[in-house]
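Each chain is listed here by its residues.
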Amino acid sequence: MQVHGRTPLNIQQATTPHGAVNLILERCKGCEFCVRLCPQDVLFLSKKTNSKGYHFPDIAIGKAEACVHCEFCTLVCPEFAIFTTALEAAS
Amino acid sequence: MQVHGRTPLNIQQATTPHGAVNLILERCKGCEFCVRLCPQDVLFLSKKTNSKGYHFPDIAIGKAEACVHCEFCTLVCPEFAIFTTALEAAS
Amino acid sequence: MPVNRAESHPLDAIIRQDRMPHIWCPGCGIGIAMRCYAQAILQADIPIDNQVVVSGIGCSGRVAGYMNIDSYHTTHGRAIPFAAGMKLANPDLMVTVFSGDGDLISIGGNHLIHAARRNVDIKVICVNNFNYGMTGGQVGPTTPQGAHGTTAPYGNTELPFNLPYLMAACGANYLSRWTVLHVRQVLQDILYAFSKPGFAFIEILAPCPIGFGKSNNILNGLEEMELYLERCQIIRDGDVRADELGIDLRADNPIYIGKFIDRDRPPYQPVGAGEIQ
Amino acid sequence: MPVNRAESHPLDAIIRQDRMPHIWCPGCGIGIAMRCYAQAILQADIPIDNQVVVSGIGCSGRVAGYMNIDSYHTTHGRAIPFAAGMKLANPDLMVTVFSGDGDLISIGGNHLIHAARRNVDIKVICVNNFNYGMTGGQVGPTTPQGAHGTTAPYGNTELPFNLPYLMAACGANYLSRWTVLHVRQVLQDILYAFSKPGFAFIEILAPCPIGFGKSNNILNGLEEMELYLERCQIIRDGDVRADELGIDLRADNPIYIGKFIDRDRPPYQPVGAGEIQ
Amino acid sequence: MVARTCLTGKHFMNGDHACAEGAIAAGCLFFGGYPITPSTEIAESLARRLPEVDGVFIQMEDELGSIAAILGASAAGARAMTATSGPGLSLMMENIGLGVMLELPCVIVDIQRGSPSTGLPTMPGQSDIMQARWGSHGDYQIIAYAPWSPQEMFDLTIEAFNSSDRYRVPVLILADEVVGHMVERVVIPAEEQIERWERKKPTLPPDKNNGGFKPFLAEDDDLVPPIAHAGEGYKVHFTGLTHDERGYPDMTAQTHHDLVSRLSAKIKHNSEQIIRMEDYYLDDAQIVIVSYGCTARSARRAVSLARAAGIKVGLIRLISMWPFPEAFIRESCASVNHIIVAEMNLGQISLEVERIAKKPVEGIFHAGGAMITPQTIMNRIQELAS
Amino acid sequence: MVARTCLTGKHFMNGDHACAEGAIAAGCLFFGGYPITPSTEIAESLARRLPEVDGVFIQMEDELGSIAAILGASAAGARAMTATSGPGLSLMMENIGLGVMLELPCVIVDIQRGSPSTGLPTMPGQSDIMQARWGSHGDYQIIAYAPWSPQEMFDLTIEAFNSSDRYRVPVLILADEVVGHMVERVVIPAEEQIERWERKKPTLPPDKNNGGFKPFLAEDDDLVPPIAHAGEGYKVHFTGLTHDERGYPDMTAQTHHDLVSRLSAKIKHNSEQIIRMEDYYLDDAQIVIVSYGCTARSARRAVSLARAAGIKVGLIRLISMWPFPEAFIRESCASVNHIIVAEMNLGQISLEVERIAKKPVEGIFHAGGAMITPQTIMNRIQELAS
Amino acid sequence: MRYEIRFAGFGGQGVVLAGFILGKAAALYGGLEAVMTQSYGPEARGGASSANVVISDTAIDYPFVQAPHLLVALSQEAYTKFSPSTEVDASTLIDQDLILPKADDPVYSIPATSIAEQLGKRIVANMVMLGFLTTIYKRIPTEAIETAIKDSVKPKTIELNLEAFTKGYE
Amino acid sequence: MRYEIRFAGFGGQGVVLAGFILGKAAALYGGLEAVMTQSYGPEARGGASSANVVISDTAIDYPFVQAPHLLVALSQEAYTKFSPSTEVDASTLIDQDLILPKADDPVYSIPATSIAEQLGKRIVANMVMLGFLTTIYKRIPTEAIETAIKDSVKPKTIELNLEAFTKGYE
Ligand SMILES: Cc1ncc(C[n+]2csc(CCOP(=O)(O)OP(=O)(O)O)c2C)c(N)n1
Ligand SMILES: Cc1ncc(C[n+]2csc(CCOP(=O)(O)OP(=O)(O)O)c2C)c(N)n1
Ligand code: SF4
Ligand code: SF4
Ligand code: SF4
Ligand code: SF4
Ligand code: SF4
Ligand code: SF4
Ligand SMILES: [Mg+2]
Ligand SMILES: [Mg+2]
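Residue numbers (my numbering), protein chains in the order written: chain A, 1 to 91; chain B, 1001 to 1091; chain C, 2001 to 2277; chain D, 3001 to 3277; chain E, 4001 to 4386; chain F, 5001 to 5386; chain G, 6001 to 6170; chain H, 7001 to 7170.
Because the hints were derived from the structure by calculation, they are not lab data.
Since the model is a prediction, treat every value here as computed from it, not as a measurement.
Please note: incorrect hints may appear among the correct ones.
No farther apart than 20 angstroms at their CA atoms in a straight line, the calculated lysine-lysine pairs in the PhoX-like style are these [stated by the list, open to error]:
(1) G/Lys6081 with B/Lys1052
(2) F/Lys5358 with E/Lys4359
(3) H/Lys7081 with H/Lys7121
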């Protein structure tokens, strides 16, 4: 994906090898699209809720480095809430 | 054609063999459809006009007995002006 | 030798003869189409009291005013939903919409496609004279590309609808096209549509010498009739692909006519008490 | 392990982020379709200032309110003629109509068929969620027969439009169907439509769990996404006859998706000074 | 399944549902509509209820189709109705004019929302009042009612059908979102207690009408001609063109003037029978409030408060909006010190009151979105009283 | 072919053609319409003329499409127009409301015919006056003019474009079939003599507007906000929903009231600049006639006849119909003995006059189809004078 | 002085053009005021069509012809229909080729159609009548009418029309 | 006496049903007047939803709740949003499983969700709250509410709902 928009402000670089998953917490409505459509099963729906009461995605156990930055989660999120950023080849 | 409408009032029986041509003079607008589409060339457009100024069809010279009562003139007259009636086998 | 002088016509019982002569111009084809309809009503096996005609606005829309049956001359483009309301409220009625191409396909296009989709049990007779006759020869959605009209003084740049294709795509149950030259076929076709439940669309090409003719060097009705005679080609369902049924009067293309679609989709029925679980 | 917390999104420049979160329900597919459109605008080779979005009324119609470009949220069913007026008045604009199935095909049906016929150079993105979401799940002209809705408590008796067929019959220049699961294809498709002069119609199937889903035992957006995953079959132009492209969600029929039509009709041009003889 | 024609009994229901039940109770057998907030529940109710009574529910492709369909159904003899809100009402305007011209009964329910344009779809307004009177081209008169409660949604829907049939004219129900959506007790009487006025029909069989039955010849004092429906054998002709008594187009200024004048006179001359209103404490009132619909609820409350505070204020609540109760307003306002009109718009009925009373009117106006509160009205009363 | 922008010179043309030439002279570059008698000649003229000046003529599928298309064209910056008659105007009502709400300039010409419904398509009427004011749902104000000659069809079409752009509001021309079809001398001035008021535009470039340019923030006394068009970089949002100054939906009663009130106030507060009228012999008049459009021609003739007969009668001819000249009517009617309103309808403007003058009004009404004659008016004058 | 003129005939005979030219001549080149009105609509398509011109030296308020001072009739039906509604002392001009006037009606007649046919085009009978009119109604100089003809008819037909007009008053 | 009650929570928690049943009980079986109103529209879909009931022994004119005497809150957001607008001396009832009240707010609390879950259906927490309400607002007999429940919920769920209601006031 080529994103021409301006670069998000506060992405804290994570340590996953290929992609880092980012979430604007309060935008999430817990639809689970990102969770269930991720080809790598990177995500799961948290038990926790945001202030609107929606469960949001989080990295599944053991999947901290599994994201391949395929961006499917980014593309199917109806809320402009989740997106991944490429990581320079780490590990 | 089977006509179920009431029988016209004042048809003077003519002497043509198969069909007699009848015209409600004042309805005719001189479109010439009956004239030009008659398969037997029975009709021609008169030089005379009705009170609205329209030329109307008349029996062409030598065609007094030529109508075969095919009713095409009846069917294509947009004015409900011309129609033919069957004649008992005369001549 | 003069033809016999008559004072009434065999069909006078079914037309409002007290309103004759009608307003249509000399050489106009609408009267012929109406004649076929009138005769079909007489010949059909349906009580005349159950026959209803609904028209929109236009020269063709004036037909409602000349038929001696229950007749409704509504607003421009709205004949179809009016007719649908009648039919659903009283299913015994045989409701025919008789109107023009502009009325049915331009302003009334939405109702036309939805009625065809629903397969509402009404019969639509559409007089297509390739223009808006009543208002003086403007182009419309049936005007062939390149033809002229009072609102297209430099020639029509738009492509017209291919009506049979459009109706087929909406799911029309019965679909045919004729011209006012094909009087016997039109008559039979209307009779057939009466006998067949569901939405029927019968397109009848007709000369409009004063509107379309005047702008396009067609001198009079007869000349347009002759054009039909030359160019029309009767086909049967499947002979020609739906997308080739459009009309282009400029080119030497044939004008296809005939019965294009004859399906048996169940007609629209509102939910009935019997169906409620 | 928590995902990173972000405060802005890569697409925030092209959406009106001050208006987020949007009003769409959890699991609604409209946001995904809008996302594809937003990204296409960023990726296309067209100055963003020339990009315009016009919507009608409905949940899908709210897209105009969320795109950070010149955006017009008009009246129910009238987005297409509004957009056509814009495009003709300023041909430099890239005008996209983004609206719902009800808006475009029910109340707006007449404008849709005429715009397709004229081949007006606008791009129509139609979110088809098989119902009127905004007003609470009523059935509409895209609701499959037998499905339920708040105005069809006993099941929908009407046949829906086969939209691709309808559009094809109108002469649409470019025609495709996807679902919101097919995000990459939708993106590419919008980009392609931008690059191609003439009328383009892109139908995007999307879950409406609160409207269509609720009446039809589709628990949430995800379940409808899974249905797409199972049933969708990508075809190419000609693989399947246009009259077989209708959608029947009840049966085990496939849902055909893909590019259905790609023609090169010249786009509508008003008569220009050059053409006057 | 037993057809439940009339849900006799007490209910707790909202105004939209009450309206639908009113239609069923009135014998409405045809609904053609298109969803629009805040009227949609009427359609939804009738989608469920009409099949139970063998009536027809059809969701049309748009409001243009809806109004045309109900006119068609009416021409075929059915009591027919549609329901909409402002934007849909605007789309119906052309064919409301057709209904007037063809003298076809039908009921059009407008649940008013914040307007103009799309405005506030889920919030109340009362700003279609003048539109109901003037929205179609040309001169005409219609009948309109403004219920103030779910109970009145039920009652006035029945009355609307009755007036529509009696006067052969489209009748509007100008409700508002508050009344449409609020839930209150609604008492539905026994079926036999529901009054039904039938359409005036031809007195002679089809073949006994010399020169054809005349569906536009008004021989009675009420100026309402009898109607024959499609399928009854009368071979009627109905046209939106200027027509003679037979129904045939007759394009002359004289016929036009006669026809259009009768269509208006038909409503004006019968206005005493048509007009419905209610008044409170008018006898000694020095201030009179005129209000209607949901706003009248606040007005009544304000009047109670003011009376409790010793202020001599009265209330006229309009139940029918059109024809306008000119005579009553003229008389009741003749000797008062102040006239207040409270309405959720920028001043519509107040124009009528001003014209009739020939006095300045104090308007309590709000463009819509929220009910005018009793406090707001009370404050104005106190200002005027002091 | 040379583009003939403005047909400077003297012509003998009918009102419809004069209107079309007025549009060309005003710089109208977009016409979207649908044929309807008696307005069709306007479309036909512009189909020929607009391509000559590189403007766009499009015949739409219906009037709903026509009004939407001209609003779109206007939003893209073009001066845009449509022309219709009563039935078409009824169909445009919803989107006229949109135009009001989006504050999009456009000109809508209504050549009035005998109404309601299909009525008398080829014969005159003046009965869409109230519809122009109230035909769309909700409260709003528009501007409308009523030309009385082909020359005024030309002049007022230009003025209509100017007012529309200046006040960001749809403007109607309420002509009638007589004026539309009668042929008279029309003088078209030189192009540079044609006044053109431009739309108020943003003062700052797109990126200099903090928080985004606000196309609905009226900072000037005239209450008219500046407009930015599509393609100018301002990323505007226009919605028919209740919106804030940025244009964003804001569904609160307060925002709604503020917005709708400003939209009305914008016209009312500028009414002195907008209103056009003409008066004859008012100074010593004991009888005042109010009239407009073609009827005012008969009224002027009647006044001449009456003056010749020594009767002190004056004439107010309304040139703009809306906003209504309340102050002027109030003053001019204050001390007269009789007020006559002559109009080709059953009494529309007479209601306004009655309301404002707070006096009974003598109506000379006719439902349409033929002009009210000078004799008819003269007769009434004589009755009143004696 | 207000002067009312009615041209009447069938559709296609050019009565509207004749009225238009006369009005234009008066209003643009004759220093007079003039209004032309005509009959419209489908009901007006068949049968009699008419063009009505009011000419005056002061502003014309009421634009319609009520009782013409001059009736120019080009068809029998038009003559029959309109001659009763003329002003007392009105003049009636007829094409004697097409109309048989009432016995007691003192009409001015001219064989307009024959003249036009001699010129090669039956359709210019209207211009012949217009020329004939100038011999009775003298308020508008023939030059004014000629100028109006020149800028109202198709360039190719100017000469023919002018010729017909001239034949009418010669 | 006019008494105003607001039920507030998320969509899906059944606050409208609770308000409806209470109003119905009052208006049909409690010999009182009652009006219920609710929030509508897409903007109301997410976030807090509310049902508002006005109960009175005389006719109710103004139908809306302005400052409730009783607030029944089923979510934190609803509590936060609506508790400031209550009447002075208003009572607030909360589901203590879902809401953490402000420190100084003397609320009545009940673990409605837990109770409902024990009954097997989380969704009937609304009925628990309704039962709980009757311990504070005593104007409507519990029998009236029970009758209202019976003819308002799906036949299959009557028992469950009644049980939850009973648990609420026990
Ligand atoms: C709402 C509305 N718009 C426009 C018109 C004007 N109008 C009358 S008939 C007509 C066109 C008719 O064309 P068509 O249906 O093809 O009939 P035809 O006259 O060609 O037979 C139009 C545009 C109208 N009466 N009502
Ligand atoms: C003239 C008019 N009629 C009806 C409505 C009510 N209305 C608003 S949105 C809508 C349907 C929207 O359906 P769709 O276009 O499919 O959009 P969705 O909400 O499903 O995305 C309707 C009927 C309206 N706003 N205006
Ligand atoms: S980018 Fe791909 S792999 Fe990574 S979380 Fe998203 S969907 Fe899963
Ligand atoms: S797709 Fe977006 S809204 Fe849905 S759960 Fe994931 S982050 Fe949340
Ligand atoms: S019936 Fe046939 S043969 Fe006889 S005149 Fe008519 S068309 Fe000719
Ligand atoms: S077809 Fe009819 S109208 Fe035409 S010329 Fe023959 S008789 Fe006359
Ligand atoms: S204008 Fe055309 S369609 Fe109308 S009557 Fe004349 S010829 Fe027929
Ligand atoms: S109602 Fe349906 S379409 Fe609308 S936002 Fe909710 S899920 Fe989406
Ligand atoms: Mg046509
Ligand atoms: Mg939808």
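Hint by hint, here is what the structure shows:
1. G/Lys6081 with B/Lys1052: Holds, because 12 angstroms separates the two Cα atoms, which is no more than 20 angstroms.
2. F/Lys5358 with E/Lys4359: Holds, at about 7 angstroms.
3. H/Lys7081 with H/Lys7121: Given that 20 angstroms is the threshold and the Cα spacing comes to 27 angstroms, the pair is violated.
Hint compliance for this structure: hint 3 is the single one not met.
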